[in-house]
Amino acid sequence: MALKILAVLVLVALNGFFVAAEFALVKIRGTQLQPLVDEGQRRAKVAHYILNNLDAFLSAAQLGITLASLALGWIGEPIFETLLEPVFHWLAIESETAKSTISFGVGFSIITTLHIVVGEQAPKWLAIQKPLPTSLWVAYPMVWFYKLSYPLVVSLNWSAQMLLKSVGIEVASESHEHHSEEELRLLVASNKEQAKRSRLGRDIVMNALDLGNRIAR
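Residue numbers for the sequence shown, in the UniProt record's numbering: 1 to 217.
What the hints contain is simulated information worked out from the structure, not anything from laboratory work.
As the structure is a prediction and not an experimental result, all values here were calculated from the model.
Treat each hint with caution, since some may be false.
Said to hold, decoys possible - Capping the alpha-carbon separation at 20 Å, the derived lysine to any residue pairs in SDA-like fashion look like this:
id, residue 1, residue 2
1, 165, 149
2, 27, 49
3, 130, 48
4, 147, 35
5, 27, 85
6, 27, 100
7, 4, 59
8, 4, 131
9, 4, 121
10, 147, 162
11, 45, 137
12, 4, 137
13, 27, 143
14, 4, 77
15, 147, 137
16, 124, 106
17, 27, 131
18, 124, 62
19, 130, 37
20, 99, 1
21, 147, 54
22, 99, 75
23, 4, 109
24, 147, 46
25, 4, 78
The task is simple: from the sequences and hints, build the whole structure.
Right under this line is the structure:
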């Protein structure tokens with residue numbers, strides 16, 4: 001039983017790791033890593049390599065999330081029937097159907113809460129707020145996992161691409177670093193700190209974005 005509980009905790013942590021990796025690698029920019037690469041930092045070089053092959057590594061992260069989530073449900077929920085046995089005895093519940101139903105409900109609720117809070121939301125916000133240190137931290141493990149899962153990642157990617165092409169959808173790269181005009185407007189408008197420092201600078205950026213919509217006379 002102790003091993004199963006430990007396995008649940010490990011799987012939640014693994015899920016959180018892959019979620020953090022996915023969001024950090026999407027958030028980080030090559031320009032943030034380049035100074036560290038120039039300094040010769042190995043983790044930065046590995047992270048930069050991942051960024052240059054982002055589609056493949058995002059697929060590996062998504063595979064890791066899926067495997068960890070499936071294993072968590074498979075191992076986690078049955079544990080609670082054993083853990084709740086003393087409670088069933090105290091409440092004089094003898095029906096196996098009732099025991100299974102209650103165990104499933106309790107197990108599903110606890111596992112889902114752990115999965116969402118610890119395995120998804122917390123690592124997601126960590127990666128979004130601190131993409132650089134998170135990217136450096138996940139770099140080596142992601143390369144190792146990608147090498148181990150390479151055949152599966154490639155076959156799944158190919159299958160997904162064939163499915164999209166069969167319905168006439170062009171496959172787009174996830175490694176595109178440029179922001180759209182609308183994204184740039186939102187970034188500039190939402191940057192309150194910048195607005196405090198330089199309203200003129202913000203106006204210049206907004207006017208530059210408007211040039212494409214103006215007609216020359």
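Hint check:
no. : hint       : verdict
1   : 165 to 149 : 24 Å, violated
2   : 27 to 49   : 15 Å, holds
3   : 130 to 48  : 16 Å, holds
4   : 147 to 35  : 27 Å, violated
5   : 27 to 85   : 46 Å, violated
6   : 27 to 100  : 43 Å, violated
7   : 4 to 59    : 28 Å, violated
8   : 4 to 131   : 32 Å, violated
9   : 4 to 121   : 24 Å, violated
10  : 147 to 162 : 23 Å, violated
11  : 45 to 137  : 12 Å, holds
12  : 4 to 137   : 27 Å, violated
13  : 27 to 143  : 18 Å, holds
14  : 4 to 77    : 10 Å, holds
15  : 147 to 137 : 17 Å, holds
16  : 124 to 106 : 26 Å, violated
17  : 27 to 131  : 6 Å, holds
18  : 124 to 62  : 13 Å, holds
19  : 130 to 37  : 18 Å, holds
20  : 99 to 1    : 18 Å, holds
21  : 147 to 54  : 14 Å, holds
22  : 99 to 75   : 18 Å, holds
23  : 4 to 109   : 17 Å, holds
24  : 147 to 46  : 13 Å, holds
25  : 4 to 78    : 10 Å, holds
Checked against the numbered hints given earlier, the structure breaks hints 1, 4, 5, 6, 7, 8, 9, 10, 12, 16 and satisfies all the rest.
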